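Enquirer: Listed below are the residues making up each chain.
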Amino acid sequence: MSQYVKKDDDLDEEAEYSPFSGIEKGAVLQEARCFNDAQIDSRRCSQVITKLLYLLNQGETFTKTEATEVFFSVTKLFQAKDPGLRRMTYLIIKELSPSSDEVIIVTSSLMKDMNSKTDVYRANAIRVLCRITDGTLLTQIERYLKQAIVDKNPVVASAALVSGIHLLQTNPEIVKRWSNEVQEAVQSRAALVQFHALALLQQIRQNDRLAVSKLVTSLTKGTVRSPLAQCLLIRYTSQVIRESSMNGQTGDRPFYDYLEGCLRHKSEMVIFEAATAITELSGVTSRELTPAITVLQLFLSSSKPVLRFAAVRTLNKVAMTHPMAVTTCNIDMESLISDQNRSIATLAITTLLKTGNESGVDRLMKQITSFMSDIADEFKIVVVYAIRSLCLKFPLKFRTLMNFLSNILREEGGFEYKKAIVDSIVTIISDIPDAKEAGLLHLCEFIEDCEFTYLSTQILHFLGIEGPKTSDPSKYIRYIYNRVILENATVRASAVSTLAKFGAMVDSLKPRIFVLLRRCLYDNDDEVRDRATLYLNTIGGDGSVVETDKDVKGFLFGPLDLPLANLEASLKNYEPSEEPFDINSVPKEVKAQPFAEKKSAAKKPTGLGAPPVAPTSTADSYEKLLLSIPEFSSFGKLFKSSAPVELTESETEYEVNVVKHIFDQHVVFQYNCTNTIPEQLLEDVTIVVDASEAEEFEEVAPKPLKSLPYGTPGQTFVEFEKPEGVPAVGKFSNVLRFIVKEVDPSTGEAEEDGVEDEYQLEEFEVVAADYMLKVGVSNFRNAWESLGPEFERVDEYGLGPRESLKEAVSAVINLLGMQPCEGTEVVAANSRSHTCLLSGVYIGNVKVAVRLSFGVDSAKEVAMKLAVRSEDAAVSDAIHELVAN
Amino acid sequence: MEYCPLVKNILLLDSEGGRIAVKYYSDDWPTNNAKEAFEKSIFTKTHKINARTEAEITMLDSNVVLYKFVQDLHFFVTGGDSENELILSTVLQGFFDAVGILLRGNLNKREALENLDLILLCLDEIIDGGIILETDANVIAGKVASHSVDSAAPLSEQTISQALATAREHFTRSLLSG
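Residue numbers (my numbering), protein chains in the order written: chain H, 113 to 997; chain D, 42 to 219.
Just so you know, these hints were derived from the structure itself, not from any lab.
The structure presented is a predicted model; accordingly, all values stated were derived computationally and were not measured.
For each residue, glycine too, the CB sits at the ideal point set by N, CA and C.
Each hint should be verified, as a subset may be incorrect.
[Unchecked claim] Residues of chain D clear of chain H, computed beta-carbon distances all greater than 12 Å:
hint, residue
1, Asn74
2, Phe84
3, Leu129
4, Asp138
5, Gly146
6, Leu148
7, Arg151
[As the list claims (entries may be wrong)] Covered stretches of chain H, going by a simulated chain D footprint (3 or more residues, C-beta under 8 Å):
hint, stretch
8, 381-388
9, 930-940
Throw the hints in and build the complete structure from the sequences for me.
Expert: Rendered as structure tokens:
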């Protein structure tokens, strides 16, 4: 039907007739008063309820008063005997979701219906009551619900079981008492009752592995009536398999035969569930995979789009881990490229890209080219990323793939799509050196006609880094300078920076770049002029601003090794004065999430007077605290403060933790003490530190705490001298010494005389990690390369059996105290190897970069290769010592 | 809840994407605006596709959406990213066929609105809070029809006396308020 005819229809009242046209909330609420009539007109009431439901369904909302009023009138309708009206009454009560004090009014009516002889009433009354009920009411009706679970009528039993599943979220302790009845219902002959019972039973027992395992064992041998229940059982079976393999059992996989048997079930739903379950088994073998792949392959040629979609989506996932197993489906996949359903076609293409071999790439790309023109951006993005991975897999094919990317870059497309292409080209350039020059030119051509400021600036920045290193840098200048002439201020400013980079890096271009930069001095935008002036004065300057060429490059183009958030905070604090802003005053430490702090705070009982004020975890507040103490103010700049280390168990009489503050020549231990005994007041609290196992440290003076009343944390400090700039390590044992005075809890007054007492604390160590600042880098690769291989130290370590790869990775990160880069601290589930990149600054301002490669074998033995680069050989060695110990 | 197959929403829209009856079972769309936005995007994405003979399927915001159209009625069932598509497909088919039975084969928007009570009851019999109650269209329709007032009398066919009564009531009310 054309648009024109449609418009005609709009005018035609007959076609647009709706029983609800012109409906108004106010009028319907008025009509709802008929619920209160002495003689209930069932049909009319039903119609009014339908209107109310229509309004709610259209997104209309009732105010609290309106809803309450309607609800109260609706409760009157329980007097009517009409079953249809009753059914609508149930529905509107559920929609109105009355508050708990209103619920009481319908409770008795619903309870009466729950015990009615009419099955439909029973089932629906249970569902309504369980939906609106709260815990107290539930105990009253529990008896009926248990009966209902084993009711002869399957509708009633299902209603009770499904309500049980919902109630388990809010009142687990009550629902768990029903497990005998639920168990009985699992044996029901009614297909759906069995399904609902199985769902509830598993949830009741989900924390009891043995019970779930038993359930699976008995049911996989018995009869399961509905396909839905069968699917559920397959899911439980996979869970049992997953857990049993975690316990390190070897030999044949239990229950695999059951899953394989399900592949021959008569319902497609079950076949598919089983096939997916098999493909997701951890460490699945190709022998186990084959039957699953075979049934999925049959689905690929089904006439039903849903089956094709389901199959191709699963195969697509399998292709990521077992590409070889999926190659048998390649012919079917290729025919799916022309599938009417574009989701299926995209999944087929990306699967082919994952499974294809090098020789097939060219043919595949031809097919994709015609395909790309008629799919939406969201699918195109998926394809682009698949092509990027393919290119990284077959670097020799980069020409074909790069050409493809540059072609689609020229076509129409939204921002996300263009960004995906640009990102892909950048990745390919970074990984395949041969692709660099061609790729850069593609990007240059793109920015000639690019409507996205963000992409233009990104590309210009990238050109500035990569362009000067190419064989003929001059050919890019034209593209960059065109930006200065043609684009908006943001792009112009980044073009100026890029030009300056070329000028600084390539001496032969310098004079010509200066000509271009001077022209920018007359730009009408401040930022553009400022940048041009800055660059002209630094690069082309007479040495008055910065001395050497190297300084210039470092200043202009070196990485800003400060977290931007810290810089922002410092700039905000800076007050304009004679003294210029000192960038060295900006803290380099990445602010860590105050995990440890929160944890210890959570452990403390809550009613303890004032909340612990002292250690707010950020370095800033530590610094302020320390500077406020005269003894420490002369120590210079605080290098690092550690996370608090607990020296007592939680919930002991006195809780103490220590924070290690590292200065250049000193170490200050800040002991945070809490007195948890209301009847005691502690005075003259000191920590006696035995540093006999820390030879390089020399105790200077303890700073005692005058008084430590109940519940208010206080701090006492102990300072040590250590050799300047040396990362001295050692072990410290501690005793808390104090005078204890009894306090009368009723008056809160302490007695005159006290007794001297001691309390043994746990010992702690100062380790090399305490001298490491977490300083992230935005581009690890650059940081790694700029450090160079001069002081690189590589070694391999066995970490022994670990709980998981993830646990091992985070343990090593914590041990080194460095900042994970580029999200590499996240370990993919089930992966067998992982690479983690860390960076940091060691005391003495030594930059350190670490590359960790982990591998885990079937016995959970973790091996690690540690490669360290730093600006100092001794530091590289120190990092290795950290791990070796 | 993670093991039990869950349905996130069931939608019945008209040929312009307007709501006839919708039901959401998930917190993914907390407000009416969020719901309408979802309906709009799924409608825009699918309305040109021929989903009249076989149910079709697509992904939207990491949800799987199955849909089937007839005349000016658009049926949708949404499930999570990792849900078994064929289970969702059974739900869609059950809903679609049950509505067909309840409307006696007259599958169009007008008929659907005139029997909105039946459609709402039908939704109520298929899913309870996201959990599948029943997927067999005959059973669903049977449960709905067995307790409708009188499935032959839609809202438009009020008896003359009722219509008069309503009119009289309106009249009195306007007199009183005036």
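Enquirer: Quick check: which numbered hints come out false for this structure?
Expert: Hints 1, 3, 7 and 9 contradicted; others consistent.
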